[in-house]
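These protein sequence lines map, in sequence, to chains A and B.
Taken in order, the first sequence gives residues 5 to 120; the numbers are from the working numbering.
Taken in order, the second sequence gives residues 269 to 381; the numbers are from the working numbering.
Hints were generated in silico from the structure; no laboratory data involved.
It should be emphasised that the depicted structure is a prediction, and the values quoted were computed from it without experimental measurement.
Beta carbons are placed, not taken as given, at the ideal position from N, Cα and C, and that holds for glycine.
Be a bit skeptical, because a hint or two may be false.
Taking beta-carbon pairs under 7 Å as the criterion, some of the chain B residues facing chain A (in silico) [unchecked claim]: (1) T333; (2) Y367; (3) K368; (4) L369.
Pairs of lysine-lysine residues, derived as DSBU-like cross-links and limited to a Cα-Cα distance of at most 35 Å, are as follows [to be verified]: (5) B:K328 - B:K368; (6) B:K328 - B:K317; (7) A:K84 - B:K328; (8) B:K368 - B:K324; (9) A:K83 - B:K324; (10) B:K336 - B:K368.
The calculated label-pair distances, taken between Cβ atoms and stated as ranges, are [as the list claims (entries may be wrong)]: (11) B:N290 - A:G58: 40 to 46 Å; (12) B:R380 - A:Y100: 42 to 48 Å; (13) B:Q313 - A:Q66: 22 to 28 Å; (14) B:S326 - A:L120: 17 to 23 Å; (15) B:G346 - A:N34: 27 to 33 Å; (16) A:Q59 - B:Y298: 33 to 39 Å.
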Amino acid sequence: SQTIHQWPATLVQPVGSPLSLECTVEGTSNPNLYWYRQAAGRGLQLLFYSVGIGQISSEVPQNLSASRPQDRQFILSSKKLLLSDSGFYLCAWSAYLGTGRSDTQYFGPGTRLTVL
Amino acid sequence: GDSVTQMEGPVTLSEEAFLTINCTYTATGYPSLFWYVQYPGEGLQLLLKATKADDKGSNKGFEATYRKETTSFHLEKGSVQVSDSAVYFCALSRTDSSYKLIFGSGTRLLVRP
Numbered sequence: 005s006q007t008i009h010q011w012p013a014t015l016v017q018p019v020g021s022p023l024s025l026e027c028t029v030e031g032t033s034n035p036n037l038y039w040y041r042q043a044a045g046r047g048l049q050l051l052f053y054s055v056g057i058g059q060i061s062s063e064v065p066q067n068l069s070a071s072r073p074q075d076r077q078f079i080l081s082s083k084k085l086l087l088s089d090s091g092f093y094l095c096a097w098s099a100y101l102g103t104g105r106s107d108t109q110y111f112g113p114g115t116r117l118t119v120l
Numbered sequence: 269g270d271s272v273t274q275m276e277g278p279v280t281l282s283e284e285a286f287l288t289i290n291c292t293y294t295a296t297g298y299p300s301l302f303w304y305v306q307y308p309g310e311g312l313q314l315l316l317k318a319t320k321a322d323d324k325g326s327n328k329g330f331e332a333t334y335r336k337e338t339t340s341f342h343l344e345k346g347s348v349q350v351s352d353s354a355v356y357f358c359a360l361s362r363t364d365s366s367y368k369l370i371f372g373s374g375t376r377l378l379v380r381p
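I would like the entire structure built from these sequences, with the hints used as guidance.
So, in structure tokens, the structure goes:
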């Protein structure tokens, strides 16, 4: 069966510091991968998605970037964190069904980031 | 553009009460519809889904029917438990752009013993 991991689970960082969050998926090959952010008390916003190694699409302009160095690894980064980057970051995967198509998305346990 | 609207929360119920959480959507074509549940401090878990009109998704006593005519996907459970306390998200994905899940704002459910 497929498993999705995220770490760290919680992170407290000062403003202006760098960020690296990691997501890995087990038990599947060539998945679509996604990064979402959930601000306190609000819904989910898609930040990035990837359909393959080195292929990243950004949904919103922001202080963050994403990379996919391996098939089942997805990394969310920032060079300098802002207060507004605080939130709950969720990684998700789905099976690749062909160009423009995707299966149900399954979510990881999330990383809670607090920027002080 | 595509959107999902959920009823405002929190919804507070006593144990064994009947639950309905309303969800309506706006989208062209025939999107797939989902309910996800988020327990405190955790990620989202898929609760159920439906991929075409009149489909009924069900899981753990929860049900939702894809109603094309009313563009709705209301979540129901006949008898809630304290352990059902969580935030419930309705979402859609379009068949021609299914990389993106469009989420509602979430509805918090509190079940009291």
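Hint check: 7 Å Cβ-Cβ cutoff, B:T333 to chain A = This interface hint is violated because 18 Å lies over the 7 Å limit.
Mind checking the alpha carbons of B:K328 and B:K368 for me, to see if they're no more than 35 Å apart?
-> 26 Å, holds
If you check the beta carbons of B:R380 and A:Y100, does the distance land in 42 to 48 Å?
-> 44 Å, holds
35 Å Cα cutoff - pair B:K368, B:K324 | Distance of about 22 Å is within 35 Å: holds.
Does B:K368 pass the interface hint, meaning its C-beta sits closer than 7 Å to a C-beta of chain A?
-> 6 Å, holds
May I ask you to test the hint 33 to 39 Å on the CB atoms belonging to A:Q59 and B:Y298?
-> 27 Å, violated
CB-CB spacing for A:N34 and B:G346 relative to the 27 to 33 Å hint | 41 Å, violated
Are B:K336 and B:K368 close enough, with their CA atoms no more than 35 Å apart?
-> Measuring from Cα to Cα gives roughly 20 Å; hence the hint holds.
Does 17 to 23 Å hold as the CB distance between B:S326 and A:L120, or does it fail?
-> 44 Å, violated
Honestly, do B:Q313 and A:Q66 meet the 22 to 28 Å range at C-beta?
-> Distance hint for B:Q313, A:Q66 holds at roughly 27 Å.
Okay, B:N290 versus A:G58 on CB: inside 40 to 46 Å?
-> 42 Å, holds
Against chain A, with CB atoms and a cut of 7 Å, does the hint on B:Y367 hold up?
-> 5 Å, holds
Against the hints set out earlier in the document, violations occur for numbers 1, 7, 9, 14, 15, 16.
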